[in-house]
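For the record, the sequence lines run as chains A and B. 1 is the number of the first residue of the first sequence in the numbering used here; add one for each residue after it. 1 is the number of the first residue of the second sequence in the numbering used here; add one for each residue after it.
Calculated from the structure, these hints are not laboratory results. Glycine residues also receive a C-beta, built at the ideal position from the N, C-alpha and C atoms.
Under 10 Å between C-beta atoms, here's a sample of chain A residues computed to sit facing chain B:
#, residue
1, ARG38
2, GLN51
3, LEU52
4, ILE55
5, GLY86
6, LEU92
7, ASN103
Counterexamples of contact, computed for chain B against chain A with all Cβ distances above 10 Å:
#, residue
8, GLN144
9, SER186
10, ASN206
11, ARG223
Coverage of chain A stretches by chain B, computed from C-beta distances (three or more under 8 Å per stretch; other residues unrestricted):
#, segment
12, 41-50
13, 56-65
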Amino acid sequence: MRVLGIESSCDETGAAIVEDGRYLLSNVVASQVEIHNRYGGVVPEVASRQQLSSIIPVIETAMEKAACSWQDIDAIGATYGPGLAGSLLVGLTVGKTLALARNLPFIGVNHLEAHIYANWLLKDESPPERETASASWDVRESDPTFPLICLVISGAHSELVLVRGHGQYELLGRTRDDAAGEAFDKVARILGLDYPGGPAIQHAAQRAEEEMRQQKKPVELARSAYRLPRAWLRGTYDFSFSGLKTAMLHLAEGAAGYQHPTPAPDGKKSTGGESKQQSQYTRMGMQAAQRGTP
Amino acid sequence: MLLLALDTSTRQASLALCTEEEILGEYAWHVGNNHSVELLERIQRIIAECNKTMQEIDAVAVATGPGSFNGVRVALSAAKALAFSLQKPLVGVSSLDIIAAQQQQWQGPVCSILEAGRSELYAACYAFEKSSNSAGELSYQMRQLSDFFLLSPQHLASYLREQANTWFGIPGERALPSFLFCGEISLASRQMLFTHMQEKCVFANNVQATRHASVLALLALQRLHEGKEHNPLLLEPLYIRRPSITTSIRKHPLLGNKSHRPADHSPEGPSQTEREEGALRH
Ligand SMILES: [Zn+2]
Numbered sequence: 001m002r003v004l005g006i007e008s009s010c011d012e013t014g015a016a017i018v019e020d021g022r023y024l025l026s027n028v029v030a031s032q033v034e035i036h037n038r039y040g041g042v043v044p045e046v047a048s049r050q051q052l053s054s055i056i057p058v059i060e061t062a063m064e065k066a067a068c069s070w071q072d073i074d075a076i077g078a079t080y081g082p083g084l085a086g087s088l089l090v091g092l093t094v095g096k097t098l099a100l101a102r103n104l105p106f107i108g109v110n111h112l113e114a115h116i117y118a119n120w121l122l123k124d125e126s127p128p129e130r131e132t133a134s135a136s137w138d139v140r141e142s143d144p145t146f147p148l149i150c151l152v153i154s155g156a157h158s159e160l161v162l163v164r165g166h167g168q169y170e171l172l173g174r175t176r177d178d179a180a181g182e183a184f185d186k187v188a189r190i191l192g193l194d195y196p197g198g199p200a201i202q203h204a205a206q207r208a209e210e211e212m213r214q215q216k217k218p219v220e221l222a223r224s225a226y227r228l229p230r231a232w233l234r235g236t237y238d239f240s241f242s243g244l245k246t247a248m249l250h251l252a253e254g255a256a257g258y259q260h261p262t263p264a265p266d267g268k269k270s271t272g273g274e275s276k277q278q279s280q281y282t283r284m285g286m287q288a289a290q291r292g293t294p
Numbered sequence: 001m002l003l004l005a006l007d008t009s010t011r012q013a014s015l016a017l018c019t020e021e022e023i024l025g026e027y028a029w030h031v032g033n034n035h036s037v038e039l040l041e042r043i044q045r046i047i048a049e050c051n052k053t054m055q056e057i058d059a060v061a062v063a064t065g066p067g068s069f070n071g072v073r074v075a076l077s078a079a080k081a082l083a084f085s086l087q088k089p090l091v092g093v094s095s096l097d098i099i100a101a102q103q104q105q106w107q108g109p110v111c112s113i114l115e116a117g118r119s120e121l122y123a124a125c126y127a128f129e130k131s132s133n134s135a136g137e138l139s140y141q142m143r144q145l146s147d148f149f150l151l152s153p154q155h156l157a158s159y160l161r162e163q164a165n166t167w168f169g170i171p172g173e174r175a176l177p178s179f180l181f182c183g184e185i186s187l188a189s190r191q192m193l194f195t196h197m198q199e200k201c202v203f204a205n206n207v208q209a210t211r212h213a214s215v216l217a218l219l220a221l222q223r224l225h226e227g228k229e230h231n232p233l234l235l236e237p238l239y240i241r242r243p244s245i246t247t248s249i250r251k252h253p254l255l256g257n258k259s260h261r262p263a264d265h266s267p268e269g270p271s272q273t274e275r276e277e278g279a280l281r282h
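Start from the sequences, fold in the hints, and give me the full structure.
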């Protein structure tokens with residue numbers, strides 16, 4: 001069973017072929033990050049236009065990389081939400097039309113549920129040779145075991161989800177205000193750093209630590225120099241990032257010579273991974289999770 | 001040749017299944033903002049009603065706009081997906097061409113118009129040449145006189161009055177022909193055009209000027225015979241209007257001194273929520 005999956009919820013166009021629910025045969029993503037960097041945020045109409053330009057080439061490449069023809073594809077899935085309406089419309093319309101043209105079943109998928117299930121993807125394994133199609137999927141020892149808690153950070157969403165079994169979700173907590181990524185973007189703006197904020201803050205922090213090491217100053221001192229509020233709300237599993245953001249603003253305003261930044265977006269690229277950002281979220285999530293689940 | 005023609009450029013949509021000889025089925029309906037759902041339902045319905053299968057389609061025609069950005073993208077998404085997966089030729093035709101082609105019997109210049117919002121119009125001008133062959137069959141050759149424009153009614157009117165001489169002969173020698181305006185034209189735009197054209201124009205009834213996908217199919221067949229097909233990987237909509245980009249808010253802190261917020265951003269730009277939503281990446 002091979003499924004063509006299409007994702008177009010924001011500013012990236014993605015297509016992948018997955019076999020038997022787990023084996024990733026190909027995964028192609030067209031990113032627009034360099035286009036949106038110029039505007040300091042995703043411009044919905046620009047994103048929608050890019051989605052339409054990229055979608056068919058991305059699907060064609062995903063099929064090529066998986067060495068699949070239409071005869072090899074058994075179903076089509078596409079993100080139906082949440083996301084930017086104009087962007088979603090492109091992937092969803094293309095997915096439904098492909099299903100109609102090729103007489104295949106179509107499955108609309110929730111973007112956040114897809115994030116959870118990305119944890120079961122087997123990226124570097126080829127599927128075993130089978131006589132007949134397999135109805136259930138291959139289990140691995142390294143698989144996540146139920147019940148489990150998943151921290152989903154995506155777009156406007158920062159959610160802590162209890163997963164009791166396949167498809168059984170319970171929302172434990174969510175952000176009461178900003179999403180984590182949004183908080184990073186806003187703090188980056190307060191500090192006059194680039195967009196997207198996460199990688200920009202990570203790089204700035206690394207640069208600062210590097211400088212301190214060169215000056216033979218203890219790095220730990222800097223790490224505990226400021227007291228910033230935690231992003232979780234006591235007694236709940238909810239997050240709140242606005243307090244952190246406000247505290248950052250006050251801190252910045254209190255600093256000598258601070259000016260509200262008005263940098264013109266100069267097309268500077270923010271490169272780099274999200275590993276630290278993600279591990280930070282994960283730690284936050286773990287702390288919240290520690291507060292007792294069955 | 002079996003041709004499927006799709007047009008969701010505006011709130012008025014149309015879909016047709018045609019051959020060179022006849023219309024097998026055609027819908028023209030008010031789709032509102034439900035382009036994607038209704039287009040796919042109706043494609044399924046028209047194929048079933050005409051006892052055809054998707055695999056029997058020989059070519060796909062699509063209206064490329066201008067019009068509603070999302071509306072245009074729905075038809076383009078569907079048409080690209082059809083042409084790509086059925087491996088059949090694709091032809092894109094401007095929605096302004098379709099509107100004009102429906103008025104081919106008018107003896108004079110035709111100006112097709114769609115409302116572009118913000119008191120502006122999408123427009124293009126055409127002329128038709130009538131001819132008949134030895135068998136007495138009448139045909140019209142459509143010629144596009146102007147570019148595709150985005151203009152206010154006043155500017156469009158003054159452009160047309162300037163151009164009329166260049167297009168239609170020597171000034172003072174004979175009376176200039178009347179322009180026929182057709183398409184989706186609001187009452188306000190009509191009044192404005194009528195005044196600024198100094199009444200040298202007439203307006204087609206909006207119902208008569210509703211786009212029909214069978215006309216799109218005819219234009220597409222002609223272009224297909226001329227070898228003008230499009231690559232489904234590359235065909236782009238005819239947006240004409242650039243996306244409105246409000247960068248101002250991104251350059252300034254969201255918190256603190258409100259006076260740092262610029263007051264210059266357009267009140268007609270995307271809503272605050274849309275911009276905020278748009279700022280979220282993952
Ligand atoms: Zn996401």
